[in-house]
Amino acid sequence: MDISKIPGKNTKHKVFVYALSTCVWCKMTKQFLKDNDVAFEYVDVDLCTEEEKDKIRKEIQAKGGPLNYPTTIVDDKVVVTGFRKDLLKKELEL
Amino acid sequence: MTSTIEQLRKRAEADARTSGCYLVPDKDLLQGFIEGLQTNEQRYGYSSCPCRLASGVFEFDRDIICPCDYRDPDVAEFGACYCRLYVNKDVSEGKKELPSVPERRPIEKQARAFGAASIPKQEKVAPQTSAIKEEVEDLVEIRPKLWYCRQCGYVVYREDPPYVCPICKAKREFFTEIKTKVEFFT
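Residue numbers (the working numbering), protein chains in the order written: chain A, 1 to 94; chain B, 1 to 186.
Pulled out of the complex, with its shape left as it was, chain A reads as follows:
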């Protein structure tokens, strides 16, 4: 699976974004994290193989997330769905 790691000075939380390469709101979420210097990882699910997609579906659902994009997982437990600046700021203490 092609997981991209984006470096950043803010490493307070573990941040993982499930995204789509075609989705504007996913791009804005990634940009928001970059602008705030937050270190994070992401995967563009639409660019994954079918086997990987199936694995990702189970992974997201196991964490209680919906199958919507972007879905941001903070510290393996908090799920933020959509580009929600307010929620991301709160969860990431920005």
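One should not assume that every hint holds.
Here are the simulated DSS-like cross-link-like pairs (lysine-lysine), alpha carbons at most 30 Å apart as the crow flies [unchecked claim]: (1) 34(A) / 58(A); (2) 12(A) / 27(A); (3) 89(A) / 58(A); (4) 27(B) / 30(A); (5) 77(A) / 9(A); (6) 90(A) / 95(B); (7) 95(B) / 171(B); (8) 89(A) / 171(B); (9) 145(B) / 171(B); (10) 27(A) / 27(B); (11) 89(B) / 85(A); (12) 27(B) / 90(A); (13) 89(A) / 27(B).
In case anyone wonders, no lab produced these hints; they're calculated from the structure.
Following the hints, complete the assembly by docking chain B onto the known chain A.
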């Protein structure tokens, strides 16, 4: 041949006009949505929603080909479609902010996009009944039905009736399934 950005934008504009909604006023957002649609058209052969994961199997993605089945009820209820490519008049004129729109597409339809293309074609058409096959049956089998609008008579062959009749704008409740029976005479 893939449509150009301009062709896709004009198609969306024309569709907005005929269905009483508007395109998002923010030019950058609009450009982003149209580019996403173009990528999906190149990738799958149809411009499925850029904000949703498509399966690449036309039958599974039919409901999310833009404008998706969920656009009209979402624009009516929230003021925008799920992507927010299409908006209502107030949002278009800046009187209301771009809303956030929850996903209306049923979870079982969303789940089909994951790993669907890896299932051999034959199983999609005629799922068998062994234990392993049963596990994927819900994921892969499409059972279209005939539905008719009791208000105007419009007939559609889809898994579910439309949320709004595209002809007379009657609500989903106005659709009734047409039960068909095939008899053989000797």
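Structure-based check of all given hints:
{"no.": "1", "hint": "34(A) / 58(A)", "in the structure": "holds (27 Å)"}
{"no.": "2", "hint": "12(A) / 27(A)", "in the structure": "holds (22 Å)"}
{"no.": "3", "hint": "89(A) / 58(A)", "in the structure": "holds (27 Å)"}
{"no.": "4", "hint": "27(B) / 30(A)", "in the structure": "holds (20 Å)"}
{"no.": "5", "hint": "77(A) / 9(A)", "in the structure": "holds (22 Å)"}
{"no.": "6", "hint": "90(A) / 95(B)", "in the structure": "holds (28 Å)"}
{"no.": "7", "hint": "95(B) / 171(B)", "in the structure": "holds (27 Å)"}
{"no.": "8", "hint": "89(A) / 171(B)", "in the structure": "violated (40 Å)"}
{"no.": "9", "hint": "145(B) / 171(B)", "in the structure": "holds (18 Å)"}
{"no.": "10", "hint": "27(A) / 27(B)", "in the structure": "holds (16 Å)"}
{"no.": "11", "hint": "89(B) / 85(A)", "in the structure": "holds (25 Å)"}
{"no.": "12", "hint": "27(B) / 90(A)", "in the structure": "holds (29 Å)"}
{"no.": "13", "hint": "89(A) / 27(B)", "in the structure": "holds (26 Å)"}
Hint compliance for this structure: hint 8 is the single one not met.
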